[in-house]
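Novice: Residues per chain, in single letters:
Protein chains: 2
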Amino acid sequence: MTHTNTINDLQAYCDDLGRRALNASRALTRFSGADRDHALHNIAAAILDNRRKLQADNALDLDAGRANGLSSAMLDRLELTDARIDLIAESLRQVAAQPDPIGRIESGKVLPNGIRLQKRRVPIGVVLIIFESRPNVTSDAASLCLKAGNAAILRGGKEAVHSNTVIAACVREGLQAAGLPTDAVQLVETTDRAAVGHLLQMEGTIDVCVPRGGESLIRAVVEQARIPVIKHYTGNCHVYIDASADPDMAVSIAHNAKTHRTGVCNAAETLLVHQAAADNGTLKRIADDLREAGVEIRADEKARQTLPDLKPASDDDWATEYLDKIIALRIVDSLDQAIEHINRYGSRHTDAIVTTSLADAERFANEVDTANAFVNCSTRFSDGFQYGLGAEIGISTDKLHARGPMGADDLTTYKWVAYGDGQVRP
Amino acid sequence: MTHTNTINDLQAYCDDLGRRALNASRALTRFSGADRDHALHNIAAAILDNRRKLQADNALDLDAGRANGLSSAMLDRLELTDARIDLIAESLRQVAAQPDPIGRIESGKVLPNGIRLQKRRVPIGVVLIIFESRPNVTSDAASLCLKAGNAAILRGGKEAVHSNTVIAACVREGLQAAGLPTDAVQLVETTDRAAVGHLLQMEGTIDVCVPRGGESLIRAVVEQARIPVIKHYTGNCHVYIDASADPDMAVSIAHNAKTHRTGVCNAAETLLVHQAAADNGTLKRIADDLREAGVEIRADEKARQTLPDLKPASDDDWATEYLDKIIALRIVDSLDQAIEHINRYGSRHTDAIVTTSLADAERFANEVDTANAFVNCSTRFSDGFQYGLGAEIGISTDKLHARGPMGADDLTTYKWVAYGDGQVRP
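So the protein sequences, as listed, match chains A and B. Going by UniProt numbering, the first residue of the first sequence is number 1, and it counts up by one from there. Going by UniProt numbering, the first residue of the second sequence is number 1, and it counts up by one from there.
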């Protein structure tokens, strides 16, 4: 196994990867969900069996990262501690424990001519996952693709190349032990960026690409891709405090959505407050609470009329995903203005209203164009684990195919299966 | 209303179209399914009310078509006879009569923390439909988009520009009479191809493009698009006669799949016959029947051992969508070889097996990578009307989002709606 840029003919290498994946995906249709779950358990066992090797090779990545001046946050995400290795194995077992998405009959009916028609859930086929530094994504992505009966081509970041290579070898070992095709999960064995360019052109072989990483990675993938891409863009999430909001709940949800974890896509980035909730003192309570938690508030003119010591917001603030202890604040005159603001500046990820009005809750849920519309709970719940999907490949900000937290189910498609007894069109 | 190339600033024109569509799509979220159905009925009435105007302007298209040397088949597709105008109105009413896809709760559950989570069906938003000559597509596309609560931007072919313009005016009239935003359906008022190029770049405004037309149109759209495209490629459909096939049924299904209508995407283009069905005389019966119906058979070497007077097939034949009274014929040694052939040469559209073996039927249904896997019935049933979808926007050969016949349901997406009572992440 090589993980240096020694592949001479990248196009041929990618064609071969694709052909192997396609063959494996076809072969996978002949295995049951139990077979695939068995492989997931075997992969978990292989990860634990290879703990030392995994940590030794992870140390090479960490050394290289230090030498290359990676930030301590990046180095932290890269490190495979004992607890993280246990978690990788545990995640694999949790995915195995989920219901099999494949073969499920979504709907069925008997047509007037007697044909029995089924809409049946099937694997997508070949899935390309492109990701950045965290090596656990290698096993997460492999496990979700396998659970859904897909062949996976995984392209990790160069910072984690040694760690990813060992994890991929464990995946292969687990597949082999379960009798599944080992090409069902392949790691791209070069960090040459041109390989990604080739893979993204492979219409008819690779069915979809899911890039996991920062906005620039995703934009670069979309630029180059001829195959469909499911995008997981940024989360510019909003919390809107309605006129009728319960003040305690408003303080608590704003606090949690902003401060529980700031570096994640489902953290709140803008707070919208109805003028009535500014006038009745709720705004001041929220602002005091957030400032006490060390959050910088960037406020519009109206908010600064109530709280003159707040820093003024610029127009850029409305569109910014801070991923930090900063929040933008705007006072709105109406629910309409709040909805309009979110639809204009939001990223269609997760947006919450705090309200006691049933009508306002329903209008918000219907009219905000977002993957996750929340009423009276923190944006931080927008997450595949929280939704009970078992694991997630990410949170789609796309509207087609999959929206919001994506689990193994979202890595499937359907086919129509019709059973007749000789019917022909009259 | 202008339908000549007199728009000076195409970019500004497209931006304006997009902005209007986006605003209309947002406004549509505040109308009920009954409101949208009411508009569909009003549009049907407007079409019938404007029958004379429609036929007068259609005559301009027909005159221009004759002057430009359009084929008689093309002229036929373009013509709006009385019967076709009645059918347009009837289709609109049929779409109105379908259940409302919007607001349907796909799944719901109460999370352990008490949050009530719903996966709710919602409109996609703004849909761009690009189509060729048949003017009835203007109202079909408008009605399906509206049914699903979407704003539509329609781009028809230049051959039908006068007819499309009148139909679009009727749509507008119907929307207005129902109190819906008239920008919910807009016709691109220029046949300048550059307009399509601009529209296909409008990420964030236009959510999806569905091109309806020949392969070259679709390829050109995919080439240029930054927005997602749902593709309706050709139908290289197969009928496979298994070893155990009932001979009468084999003859009847092969006949119907090939000859019922040859110019359509769900007509059979290749016949695969198990060696046993060649040896037992079924092949000869099928071949005699097809030749009697005037079908040219292009056969592989093995078939020509049984029927030496057949014309030999070349490798190109396996990948050809004839859309004509021609069929390719290949003898296979096994079900595996049949599946392999279809997965290699097929277009993932519609493929049928004729068999009495339950095991072979199931393997075919599972292992053939196709949108529509048929057991013992004609490929001609692969159709939105036949499936009871009410109407169809086309037959998707894509695997993401929508596969096979696409109805109004497939022009929707979902959002997650969560109802809490103050939950925050611990």
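In short, the hints are calculated from the structure, not lab data. Beta carbons: idealized from backbone N, C-alpha and C, even for Gly. Be aware that one or more of the hints could be misleading.
Stated by the list, open to error - DSSO-like cross-link-like pairs, simulated, lysine-lysine; straight-line CA separation at most 30 Å:
hint : chain 1 : residue 1 : chain 2 : residue 2
1    : A       : Lys231    : B       : Lys231
2    : A       : Lys231    : B       : Lys325
3    : A       : Lys231    : B       : Lys302
4    : B       : Lys231    : A       : Lys109
5    : B       : Lys311    : B       : Lys325
6    : A       : Lys231    : B       : Lys311
7    : B       : Lys119    : A       : Lys119
8    : A       : Lys109    : B       : Lys311
9    : B       : Lys231    : A       : Lys119
10   : B       : Lys311    : A       : Lys119
Stated by the list, open to error - Beta-carbon label-pair distances, calculated as ranges:
hint : chain 1 : residue 1 : chain 2 : residue 2 : range
11   : A       : Ile105    : B       : Ala67     : 34 to 40 Å
12   : B       : Asp15     : A       : Gly214    : 55 to 61 Å
13   : A       : Ser314    : B       : Gln176    : 39 to 45 Å
14   : B       : Val264    : A       : Asp49     : 24 to 30 Å
15   : B       : Val264    : A       : Ser71     : 38 to 44 Å
16   : A       : Gly108    : B       : Asp15     : 52 to 58 Å
17   : A       : Gln305    : B       : Arg219    : 54 to 60 Å
18   : B       : Asp288    : A       : Ala27     : 43 to 49 Å
Stated by the list, open to error - Negatives, chain A to chain B, calculated, CB over 10 Å:
hint : residue
19   : Glu90
20   : Gly125
21   : Arg226
22   : Thr320
23   : Arg380
24   : Lys399
Novice: It remains to establish, for every hint, whether it holds in the given structure.
Specialist: Each hint, compared with the structure:
{"no.": "1", "hint": "A:Lys231 - B:Lys231", "result": "holds, 19 Å"}
{"no.": "2", "hint": "A:Lys231 - B:Lys325", "result": "violated, 44 Å"}
{"no.": "3", "hint": "A:Lys231 - B:Lys302", "result": "violated, 48 Å"}
{"no.": "4", "hint": "B:Lys231 - A:Lys109", "result": "holds, 26 Å"}
{"no.": "5", "hint": "B:Lys311 - B:Lys325", "result": "holds, 14 Å"}
{"no.": "6", "hint": "A:Lys231 - B:Lys311", "result": "violated, 50 Å"}
{"no.": "7", "hint": "B:Lys119 - A:Lys119", "result": "holds, 19 Å"}
{"no.": "8", "hint": "A:Lys109 - B:Lys311", "result": "violated, 42 Å"}
{"no.": "9", "hint": "B:Lys231 - A:Lys119", "result": "holds, 19 Å"}
{"no.": "10", "hint": "B:Lys311 - A:Lys119", "result": "violated, 39 Å"}
{"no.": "11", "hint": "A:Ile105 - B:Ala67: 34 to 40 Å", "result": "violated, 54 Å"}
{"no.": "12", "hint": "B:Asp15 - A:Gly214: 55 to 61 Å", "result": "violated, 28 Å"}
{"no.": "13", "hint": "A:Ser314 - B:Gln176: 39 to 45 Å", "result": "holds, 41 Å"}
{"no.": "14", "hint": "B:Val264 - A:Asp49: 24 to 30 Å", "result": "violated, 57 Å"}
{"no.": "15", "hint": "B:Val264 - A:Ser71: 38 to 44 Å", "result": "violated, 59 Å"}
{"no.": "16", "hint": "A:Gly108 - B:Asp15: 52 to 58 Å", "result": "violated, 45 Å"}
{"no.": "17", "hint": "A:Gln305 - B:Arg219: 54 to 60 Å", "result": "holds, 57 Å"}
{"no.": "18", "hint": "B:Asp288 - A:Ala27: 43 to 49 Å", "result": "violated, 39 Å"}
{"no.": "19", "hint": "Glu90", "result": "holds, 18 Å"}
{"no.": "20", "hint": "Gly125", "result": "violated, 7 Å"}
{"no.": "21", "hint": "Arg226", "result": "violated, 7 Å"}
{"no.": "22", "hint": "Thr320", "result": "holds, 16 Å"}
{"no.": "23", "hint": "Arg380", "result": "violated, 4 Å"}
{"no.": "24", "hint": "Lys399", "result": "violated, 4 Å"}
Hints 2, 3, 6, 8, 10, 11, 12, 14, 15, 16, 18, 20, 21, 23 and 24 from the list above are not met by this structure, while the remaining hints are.
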